[in-house]
Amino acid sequence: MSHQGKRQKILKETLVSQRFATFDEKSRIPDPNRMIRAYTQSALEVTLQFKELHSGTLISLSKASKLTGKYQELANRVDEALGFMSACGLTTDHPLMTTTDFYTSHECLLLPRERLFTRLDSTSGLYYDCSAHMVWCGERTRQLDGAHVEFLRGIANPLGIKEAHWIFTPYQWLQDGDPGARFCRL
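Be aware that the sequence shown starts at 56, since it is given in this note's numbering, and climbs by one per residue.
Some hints here could point you the wrong way.
[To be verified] Cβ pair distances, simulated, as ranges:
| id | residue 1 | residue 2 | range |
| --- | --- | --- | --- |
| 1 | GLY144 | LEU99 | 36 to 44 angstroms |
| 2 | HIS188 | ARG92 | 41 to 49 angstroms |
| 3 | LEU199 | THR153 | 42 to 50 angstroms |
Source of the hints: derived by calculation from the structure; they are not laboratory data. Given the structure is predicted, the values throughout are model-derived calculations rather than measurements. The C-beta atom is built at its ideal place from N, Cα and C for all residues, glycine as well.
Given these sequences and hints, build the entire structure.
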């Protein structure tokens, strides 16, 4: 990108550079404190959503939502479905109704950050990126000979690929990203 004869790389990640960066060098300098704040806010948000999900207070979000009518309609339909399930003998006391699998995912974009969250599982001997349950590669990170794919090869997390009609086939990933599909993690 150029502006008044100056060229600069475009940074889209507000986690790294200022959100509404002006066209100057200073606003494009990565700020580690911004990354820490984003991580803290994300962790708090996931914790709040998880607690709301388990306490049944998620419906209270309708008061804060601009789409109150649509949200209330959805809540009513969920309530109807729960009533039907209860009539079939599946009550809210059933173990299926009291447990929830909760997963997070993000693009494996900032490798130094991902490395900081990587841990060795002492029981399996495998490495996991603990920043998310599943990490994925996208437009900027899917080069088979690139550092991001190499990092993904070394962890045992489930993996995702942001697919487009023109990109490589997932078969390459099964061969190169997970030789022998030992984890069946794509």
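Taking the hints in turn, this is what the structure says about them:
1. The given range of 36 to 44 angstroms is respected by GLY144 and LEU99, whose C-beta atoms sit roughly 38 angstroms from each other.
2. At about 22 angstroms, the beta-carbon gap between HIS188 and ARG92 misses the expected band of 41 to 49 angstroms.
3. Range check, LEU199 to THR153: Cβ separation about 43 angstroms, and the 42 to 50 angstroms hint holds.
Checked against the numbered hints listed earlier, the structure breaks hint 2 alone; every other hint is satisfied.
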